[in-house]
Amino acid sequence: MVEYDVCIVGSGAGASPVAYTLSRAGFSVVVLEKGPWLTENDFYKDELACCRRSVYTPSLQDEQHVIEDYDGRNKNGQYKWASEATSESGWDFWNGNCVGGSSNFMSGFFYRLKPVDFYLRSEFGPIDGANVVDWPIQYEDLEPYYAKVEQLVGVSGRVVKHKFAEPRSTKDFPYPPTIEHPIVEHFDKACESLRYQSLPTPRAILPHAVGTRRGCEYSGYCGSYGCSTGAKGSGRAALLDDAVRTGHCKIIPYAKVYKLDSNNKGVVSHASYYDENGVSKKISAKIFVVACQAIETSRLLLASTGVKHPEGLANNTNQLGKNLLFSAGGSGTGELYYKDMSRQQSEAFKRRGPFINRGLQDWYVIKDKKFSSQLKGGTIDFLLSHPNPTTRADSLKWDDNGKLVWGEALKQKVHAAFTEKQRFRFEVFNDWLPTDDCFVSLDKTVKDRWGSAVAKVRVGYHDHDLVVGKYLTQKAETVIQQMQAKNINSSVSGSPPANLVAGGCRFGDDPQTSVLNPDCQGHDVENLYVTDGSFMPTGGSVPYTWTIYANAFRVADIIKKRL
Amino acid sequence: MKKHNKKNNKQYRNSWELYASSLPANSKLLNSRRHFFKQTTGLMAGMSFSAAVLAKNKSSESLSQTSDEPWLTISEVQEHLFPRTATHNTLFSPGAKDINAIGYLQTMLHLPSANKEEADFIIKGVGWLNGVANNQTGKSFIKLNDKQREQVLKKISASEAGENWLSTLIRYIFEALLADPVYGGNKKQLGWQWLKHQAGYPRPPENKKYWMLKRKLTIKDAYSG
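The listed protein sequences correspond, in order, to chains A and B.
Residues 1 to 563 (our numbering) make up the first sequence, in order.
Residues 1 to 225 (our numbering) make up the second sequence, in order.
Think of the hints as simulated: they come from the structure by calculation, not from any bench.
A quick note: this is a predicted structure, and the numbers were derived from the prediction, not measured.
Ideal Cβ positions, reconstructed from N, Cα and C, are used throughout, including at glycine.
Among these hints, one or two may not hold up.
[Unchecked claim] No more than 30 Å apart at the CA atoms, straight line, and that leaves these computed lysine-lysine pairs for DSBU-like:
| no. | chain 1 | residue 1 | chain 2 | residue 2 |
| --- | --- | --- | --- | --- |
| 1 | A | Lys-350 | B | Lys-154 |
| 2 | A | Lys-367 | A | Lys-114 |
| 3 | A | Lys-350 | A | Lys-189 |
| 4 | B | Lys-188 | A | Lys-265 |
| 5 | A | Lys-308 | A | Lys-560 |
| 6 | A | Lys-397 | B | Lys-116 |
| 7 | A | Lys-403 | B | Lys-154 |
| 8 | A | Lys-339 | A | Lys-486 |
| 9 | A | Lys-470 | B | Lys-187 |
| 10 | B | Lys-208 | A | Lys-403 |
| 11 | A | Lys-397 | B | Lys-187 |
[Stated by the list, open to error] Which residues of chain A face chain B? A few of them, derived with a C-beta cut under 8 Å, are:
| no. | residue |
| --- | --- |
| 12 | Leu-38 |
| 13 | Thr-39 |
| 14 | Asp-42 |
| 15 | Arg-53 |
| 16 | Tyr-221 |
| 17 | Arg-352 |
| 18 | Ile-356 |
| 19 | Leu-404 |
| 20 | Glu-408 |
| 21 | Ala-409 |
| 22 | Lys-413 |
Could you put the whole structure together from the sequences, leaning on the hints where they help?
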C-alpha cells in the first residue's frame, strides 16, 4: 500500500506548481524539503541573515560542491581542469534551501522565453563545440502556462508592442506594474535619444493585496531577501500555502532525500531521506517528482542506482548531468553624482524602494554587419546597485593596488561611496551554450555531512557566449553613458552565476540524446518526473524562473491526467 | 589549487545580484576559506600569547569585560582602524568604540555557530601583534601612542597573515557599523546616520536574530535555543 499519490523532492519554483495542482485536484501529495520552513514571520530586512551567514543555505563545511574550472591548456592545446571544493574556495553554489527554495530570494524580474528560443538549432544553425538542439515542444505549448503563472504566482507588468514581443493569450497582465523609481524617467529619455525601446519589466511581485498575500511595501530590500509581506511570488507564498490548505499536501521540512529506490522492474518505490535528527526514513508513492534545482537534481538521480538503473535513474544512455546551463553575459555599473543634479533630482535619485522595472530586448536576435550571419542575442536588465551596506563597505577596504586601507582614509572612502552618488547597474543575459565541458557528476572523495557523495560540477563555457555578452554589454554601456553616468565599469566573463542554473536532464524525443521525454518523464523510469529547470536543453536569454514555473504547471496537468 | 587567493575574491563579485547566491558567495567567502587561517599558523607558532584567553572569556558574564585582554587590545586596534573623527562634512563621524565594535565582535565570536578557526585566529593575532610591538618599541600595543600604533600595524600588514588579520577585524567593524542594532553594534543607529543609509523594514526583533531562525539545521550550527 503506497502512502502518497505523489512524492515531490524539493519545494521551489519547479516543485510548488505540482503540489498546488495535484493537491487541489484531491490527490495526496508529500513535499520533502531539505531546509527549514520559514514564513513571512521569519523574514526581516536583516543583512546578516540574508547574506552574510549561512541561514538560508547550508554551511559549506556540512554540504558543498566540487567545482572543476579551467586551468589553462596542456602542451597539446587541450583544456586542463582543476577541481576545488567550495569549502576551500568559498564559491557558494547554494541558492536557498528552505520551503519555497530560492524563489523566496529572487528579485522576481520575470521574462517569458520567446518562440525563437524553442528552435535555436533550426533558426541559427549548429555552432562548433556546442550541443544546441531544438526543444521537443513549442512556445504555443507553454503559452497557456505562462499565462497561468501570471495569474496564480502573480506577475505585474504592462504589455507594450515590441519587435520581439511574445504572443499572448491574454490582453494584459493581471496586475498593474509595481511603483517605479524616479530614475526611470531619466533612463527612458536616454533610450529614446538612442532610439532603443525601453521595455517595462514584468515582475513576480504583487502591487496590492491578493487573498492572504499583502502587496509590496517597497522597503527597497528585495532580491536576496525573503519577503515579509507575501507580495513576492515565491513558490511558498503563492502556491504551497494554498496547497497545504487543501488538506491534501503535507510538507516535511529538514528532510534530506539522498536516494530514490527503484525495484527490479525499474520503477521508483521509495524516497529515502534523513530527517532532522539524521535518522534514515522512507516514503512510498505512486509517482515521484524531482525538483531540487538543476545541480542537486542530477546529483540525486546519479546517486539513485538500482537493479535496472546501474548508472542512476534515467541514465541508461549516459546523458544524466550533461549539458548543464548557467546564464552567460556580464554586468556593469555607472555612477550618477548628486552634485551634478538639481537638489530635487538628487533627493529623488537617493530613494530606495520603488523598482526600476526596465530592460532592453532590442538585440534578442542580433542582425549586425559585424557578424556574417544573424546571432541569438539576449536581454539587458537595469537596476540600482544592491543596497546591502556591510557588503558594500567591506569591499572598499582595498585600494587599487590591493593594499588594505584603514583609518581616516578608509572612512572618507566609505563616506563618499555612500553619500555622493547613486550607482546604476545593468546585467546582461544571453544563452549559455550547452557543451561537453559543463556537466554534473558525483565526486569520488568529498562527502556531505550525511556521508553522501557531493556533486562535482565542471563549469566550462563556450567562447561564443563571450562574443554575444560583449556585444550586449557595449549596447548597455551606451545607455548609461547617455545618462551621464561616470566611472562606467563593466565585465563579461565565462564565470558561471551560481544562481542561474538549468539543464542536466534535458528533455527530448530521442532517449539516446536526452534524459526526459517531452512530458519531462524519465525515458526509462515511467513513474519519475523532473520539473525544475533541469529539463531545459537550451536556456534562452532571460532568467529561468518563469519558464520553470510554467513548465511545472504543464507537467502537473500531465500527471493529473495520468492519476 | 592556489588560484583563489584573497585578491581574487573579486572573481565572484562580477555579476548577478538578483538572487540570494551572489552576495552570500562573496560575503561568506572569508568565513569559509579554511586555508585563509591555515596559512597563518606557521607564522604564529612560538608567539607567547595564550589562546586560552578565549576559553577563559567564554562565560557570559565576562562577555562585557572589554577591559580584559585580549579584548582591550582588540578594541584599541579597532579604534585605530576606524577612529572617531570630530566632523565629517559637519556630521559626527563615529569610531569603533562609539558603535560598540568590540561588544559586537565578542557576541559573534562566542556564538555556537561561530567559525572557531576564525575566532582562534583573531585571538592569537593579539599575541602576535604584541610580539611585534615589543620587538619594535619594548612596549605592548596599548601602551603606544597613535604614531607608534600606526607603525606597528603597517609592519604587520606587510605580511599576508597580518593583512588577513586586520582585514578580518575591519570586516567585523563594518558589520558593527551597518548591521541591525539588534546585534549589539550600530549603537543608536550611528552607522546608518553617518552614511545616510536607508535601512529596510521590518527590522529584525530580538527573538528573530539570525541564529534563531533555524533549529538544528547543521551539526556546526547546532542551536539549543
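Now for the hints, and whether the structure bears them out:
no. : hint                    : result
1   : A:Lys-350 <-> B:Lys-154 : violated (37 Å)
2   : A:Lys-367 <-> A:Lys-114 : holds (17 Å)
3   : A:Lys-350 <-> A:Lys-189 : holds (19 Å)
4   : B:Lys-188 <-> A:Lys-265 : violated (67 Å)
5   : A:Lys-308 <-> A:Lys-560 : holds (26 Å)
6   : A:Lys-397 <-> B:Lys-116 : holds (24 Å)
7   : A:Lys-403 <-> B:Lys-154 : holds (11 Å)
8   : A:Lys-339 <-> A:Lys-486 : holds (12 Å)
9   : A:Lys-470 <-> B:Lys-187 : violated (45 Å)
10  : B:Lys-208 <-> A:Lys-403 : violated (37 Å)
11  : A:Lys-397 <-> B:Lys-187 : holds (22 Å)
12  : Leu-38                  : holds (6 Å)
13  : Thr-39                  : violated (11 Å)
14  : Asp-42                  : holds (5 Å)
15  : Arg-53                  : holds (5 Å)
16  : Tyr-221                 : holds (4 Å)
17  : Arg-352                 : holds (5 Å)
18  : Ile-356                 : violated (12 Å)
19  : Leu-404                 : holds (5 Å)
20  : Glu-408                 : holds (6 Å)
21  : Ala-409                 : violated (11 Å)
22  : Lys-413                 : violated (12 Å)
Hints 1, 4, 9, 10, 13, 18, 21 and 22, counting from the list given before, are not met by this structure.
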